[in-house]
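Given next are the chains, with one letter for each unit.
Number of protein chains: 2
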Amino acid sequence: MDRVYNFNAGPAAIPVEVLQKAQGELLNFNHTGMSVMELSHRSQAYDEVHNNAKSLLKELLNIPDSYDVLFLQGGASLQFAMIPMNFLNNENIAYYILSGAWSEKALSEAKKFGETNVLASSKESNYTHIPKQFEANSLQNAAYLHITSNNTIFGTQWHEFPSTNAPLIADMSSDILSRELNIEQFDLIYAGAQKNLGPSGVTVVIIKKDLIEKANKNVPTILSYQTHASKNSLYNTPPTFAIYMLSLVLEWVKEQGGVAEIERRNKQKAQILYNAIDESDGFYKGHAEKESRSFMNVTFTLPSDELTKAFVQEAKENRLIGLSGHRSVGGCRASIYNAVTIEACEKLAQFMKEFRKKH
Amino acid sequence: MDRVYNFNAGPAAIPVEVLQKAQGELLNFNHTGMSVMELSHRSQAYDEVHNNAKSLLKELLNIPDSYDVLFLQGGASLQFAMIPMNFLNNENIAYYILSGAWSEKALSEAKKFGETNVLASSKESNYTHIPKQFEANSLQNAAYLHITSNNTIFGTQWHEFPSTNAPLIADMSSDILSRELNIEQFDLIYAGAQKNLGPSGVTVVIIKKDLIEKANKNVPTILSYQTHASKNSLYNTPPTFAIYMLSLVLEWVKEQGGVAEIERRNKQKAQILYNAIDESDGFYKGHAEKESRSFMNVTFTLPSDELTKAFVQEAKENRLIGLSGHRSVGGCRASIYNAVTIEACEKLAQFMKEFRKKH
Numbered sequence: 001m002d003r004v005y006n007f008n009a010g011p012a013a014i015p016v017e018v019l020q021k022a023q024g025e026l027l028n029f030n031h032t033g034m035s036v037m038e039l040s041h042r043s044q045a046y047d048e049v050h051n052n053a054k055s056l057l058k059e060l061l062n063i064p065d066s067y068d069v070l071f072l073q074g075g076a077s078l079q080f081a082m083i084p085m086n087f088l089n090n091e092n093i094a095y096y097i098l099s100g101a102w103s104e105k106a107l108s109e110a111k112k113f114g115e116t117n118v119l120a121s122s123k124e125s126n127y128t129h130i131p132k133q134f135e136a137n138s139l140q141n142a143a144y145l146h147i148t149s150n151n152t153i154f155g156t157q158w159h160e161f162p163s164t165n166a167p168l169i170a171d172m173s174s175d176i177l178s179r180e181l182n183i184e185q186f187d188l189i190y191a192g193a194q195k196n197l198g199p200s201g202v203t204v205v206i207i208k209k210d211l212i213e214k215a216n217k218n219v220p221t222i223l224s225y226q227t228h229a230s231k232n233s234l235y236n237t238p239p240t241f242a243i244y245m246l247s248l249v250l251e252w253v254k255e256q257g258g259v260a261e262i263e264r265r266n267k268q269k270a271q272i273l274y275n276a277i278d279e280s281d282g283f284y285k286g287h288a289e290k291e292s293r294s295f296m297n298v299t300f301t302l303p304s305d306e307l308t309k310a311f312v313q314e315a316k317e318n319r320l321i322g323l324s325g326h327r328s329v330g331g332c333r334a335s336i337y338n339a340v341t342i343e344a345c346e347k348l349a350q351f352m353k354e355f356r357k358k359h
Numbered sequence: 001m002d003r004v005y006n007f008n009a010g011p012a013a014i015p016v017e018v019l020q021k022a023q024g025e026l027l028n029f030n031h032t033g034m035s036v037m038e039l040s041h042r043s044q045a046y047d048e049v050h051n052n053a054k055s056l057l058k059e060l061l062n063i064p065d066s067y068d069v070l071f072l073q074g075g076a077s078l079q080f081a082m083i084p085m086n087f088l089n090n091e092n093i094a095y096y097i098l099s100g101a102w103s104e105k106a107l108s109e110a111k112k113f114g115e116t117n118v119l120a121s122s123k124e125s126n127y128t129h130i131p132k133q134f135e136a137n138s139l140q141n142a143a144y145l146h147i148t149s150n151n152t153i154f155g156t157q158w159h160e161f162p163s164t165n166a167p168l169i170a171d172m173s174s175d176i177l178s179r180e181l182n183i184e185q186f187d188l189i190y191a192g193a194q195k196n197l198g199p200s201g202v203t204v205v206i207i208k209k210d211l212i213e214k215a216n217k218n219v220p221t222i223l224s225y226q227t228h229a230s231k232n233s234l235y236n237t238p239p240t241f242a243i244y245m246l247s248l249v250l251e252w253v254k255e256q257g258g259v260a261e262i263e264r265r266n267k268q269k270a271q272i273l274y275n276a277i278d279e280s281d282g283f284y285k286g287h288a289e290k291e292s293r294s295f296m297n298v299t300f301t302l303p304s305d306e307l308t309k310a311f312v313q314e315a316k317e318n319r320l321i322g323l324s325g326h327r328s329v330g331g332c333r334a335s336i337y338n339a340v341t342i343e344a345c346e347k348l349a350q351f352m353k354e355f356r357k358k359h
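Protein chains in written order, with UniProt numbering: chain A, 1 to 359; chain B, 1 to 359.
Each hint should be verified, as a subset may be incorrect.
Where chains are identical, the list cannot tell them apart; a pair therefore holds if satisfied intra-copy or between any two copies.
Stated by the list, open to error - Okay, derived cross-link-like pairs now, EDC-like style, lysine to aspartate or glutamate, Cα gap no bigger than 20 Å in a straight line:
1) K254 with E48
2) K21 with D2
3) K231 with E48
4) K316 with D47
In short, the hints are calculated from the structure, not lab data.
Given these sequences and hints, build the entire structure.
Here's what the structure looks like:
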C-alpha cells in the first residue's frame with residue numbers, strides 16, 4: 001500500500017479503514033447515486049450522517065442530555081473569539097490558565113471583549129509542565145475558567161482537571177476522544193477535528209444547555225451558540241463531508257472497543273516512546289516534566305541541531321513522517337493521536353534506538 | 001455507475017471526473033503515502049495544493065495582482081458578519097440592495113454593527129426581479145454597497161452589475177465561476193464553495209488589497225481579512241480537503257475550456273429549461289421575470305400543489321433529484337450549476353414535456 005507512518009501534529013493520521021470506507025463510497029453514498037459531498041444538507045440521507053455523528057459522540061463520551069453537541073466551522077481559533085463574545089460582559093471576568101501557546105492565543109482574544117485574569121501560568125519555564133499552584137474554587141464574578149487540556153507544541157497534558165466554582169471551558173483540540181472523561185466536570189468543551197476526530201474543517205463543541213441560556217444576546221447570528229444549538233448545527237450549510245468523515249472515525253472508535261480501549265492503547269503507545277527517551281542515557285531529553293507528559297504529543301530534543309536534522313531526515317527515509325518539533329521548543333515531536341498504531345510507535349522507538357547507536 | 005441527475009441547490013453536483021480523481025488518490029496523495037486529509041497544512045505537499053487552487057482561480061477569473069484570494073471557513077453566513085465588522089464604523093453607512101432572502105440576512109447582520117441603508121429592494125414583488133430603479137453613483141459616506149449576484153431561492157440573477165462610487169461587495173455564492181467577470185468592478189467578492197466550486201466547508205474571498213488597508217483594527221484576529229491576507233490563508237488550519245477538492249474543480253474547469261466555455265454551456269442549459277417552461281402553454285410558470293432569469297437556478301410552479309408533489313416524486317423515479325422549490329416560492333427549482341451536464345438538462349426538459357402531457 002505504500003502508506004507511511006504518520007506522526008503529524010495535525011492535520012494528522014486517519015485510520016486506514018476509515019479512508020477505505022470513504023473511498024469505496026465516494027461516488028455513490030449509501031445508494032443515493034451521489035457522493036456524500038453532493039447531498040443536500042436538508043436531505044434525509046445527509047440528516048442520517050449528521051445525527052449519527054452526533055449520537056455516536058454522545059455515546060462514546062457519555063455526554064448527558066443536559067449538553068448539546070454542535071458541529072461548527074473555524075477551528076479552535078474561532079472558538080477563542082466566540083467564547084468571550086458569548087459569555088464575557090461588562091460585569092464578569094474571564095479566567096485563563098496558561099499552559100502553552102494556544103492558551104495564550106485564547107486569552108488574547110478574550111482581552112478584546114472584557115476583563116481577563118491569568119489565574120496561573122507555566123510560561124516562565126517554557127511550559128514544561130501544567131500549572132498546579134492555583135485556587136479556582138472561589139473565583140469572583142467568573143464568566144468562566146478556560147484551560148487547554150493538551151498542549152501539542154510543548155507535549156504536556158492535564159491529567160486531573162481543576163475543581164472550580166466557575167463554568168469550566170476546555171480546548172480539547174488535541175486530546176478529545178483519547179481518554180475517558182467525566183463530561184459533567186465541564187460546561188463547554190471544544191475541539192478542531194483534525195487531530196483525533198477526522199479532517200480539518202469541522203469543530204466539535206459540547207456545551208451545557210444551562211450555559212447557552214446565559215449567553216450574551218447581541219452576538220452576530222453565526223457566532224452565537226444559541227443559533228447553532230436551536231438549529232441542530234444546520235442553521236447554515238455545515239461542512240458535510242468533514243462531518244461524514246467524523247462519523248466514520250467515531251464508528252471506527254466504537255468498533256475498536258470504545259474510548260476505554262483507545263485510552264489503553266494511547267497509554268501503551270506513549271509508554272513505548274517515553275521509554276525510548278528515558279532509556280537513552282540522556283541522548284534524547286523529554287521537554288515536558290514527567291508528571292505533565294502528554295499521551296498525545298511526545299516532545300524531545302537531541303544533543304545538537306545537526307543531530308536533530310539528521311534524525312528527522314533519516315526517519316523520513318524510514319517512512320516515519322512528521323517528526324520535526326515546533327520552532328518554539330525545537331527538537332522533535334511525535335504526535336500519536338488515536339489513529340497512530342502501536343506498530344508505528346514500535347517502529348519509531350526502534351529507529352530511535354538505532355539512530356542513537358549510530359551517532 | 002448508477003449516478004443520478006443532481007439538481008440540488010447546494011451542496012450540489014460535483015463533476016464525476018473530479019470525484020474519480022479524488023477517489024483514486026484518497027489513500028495516497030501524490031506519492032506522499034498519506035491521504036490529502038492527513039497532510040500537515042505546513043507541508044510542501046499541501047502548500048502546492050493550496051497555491052495551485054489560488055493560482056488557478058486567479059487565472060480562470062483574470063484576477064489582477066491588486067486583489068488577494070482567501071480561503072476561509074463559515075460560508076457566506078460568516079461573511080455577512082465579517083464584512084460589517086471589518087468595514088462599517090461610526091462614521092460611514094453600509095448600503096444594501098435587496099434581491100432575495102440572502103441579501104436580507106446580510107443586511108440584518110450589518111445592522112448589529114452600524115448604520116445601514118436599503119438602496120433598493122424587490123421584496124414587494126416577492127423578489128421576482130433584480131431591482132433596477134436606484135442611483136448608486138453618489139452614495140454618501142459609503143462603507144460599501146452590497147449585492148447578491150444570484151438568488152438561489154427566487155431564481156434571479158444580476159446580468160449587469162451596478163455602477164457605484166462605493167466599494168462594491170458581491171455575494172456570488174451561487175454563480176461564481178459560472179460566467180466571465182470583470183473583477184475590477186468589485187472590491188470584494190465572496191462565495192461558499194458548495195455550488196460551483198466544490199464541497200461545503202470552504203469560502204472563497206476575492207478582495208482588493210486597498211480595501212483590506214481600510215479595515216477596522218479591533219476585529220477578533222480570526223475575523224479580520226488582514227489576518228488571512230497576511231498569512232496566505234494559513235493563519236489557522238484551513239479546511240485542507242475542501243481546498244483540495246476546489247483545486248480539482250478548478251483544474252476541471254480549465255480542461256473544459258475555461259470560464260468562457262462554461263458560461264456558454266450554462267446559457268445553453270438554462271435555455272433548454274426555460275424553453276420547456278415557455279413552451280408549456282402555461283402549465284409551468286417561471287417565478288422570475290424574464291429579464292432577471294438566473295442561469296443557475298430555474299424556478300417554476302405547476303398548476304397545483306398536488307401536481308408539484310407528483311412532479312417531484314415522478315422525477316425522482318426517473319433519477320432526476322433535488323427539484324423541490326424553496327418553501328418561500330413553492331413549486332420547483334432546478335439548480336444547474338457548472339457540474340450539471342447539458343444531458344441532465346435535456347433529460348429534465350424531456351421529463352417536463354412528458355409529465356405535462358400525462359397531466
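Status of each hint after checking the structure:
1. K254 with E48: Answer is within: at 17 Å inside a copy they meet the 20 Å cutoff, but 35 Å across does not.
2. K21 with D2: both (18 Å within a copy, 18 Å between copies)
3. K231 with E48: within (15 Å within a copy, 37 Å between copies)
4. K316 with D47: between (41 Å within a copy, 19 Å between copies)
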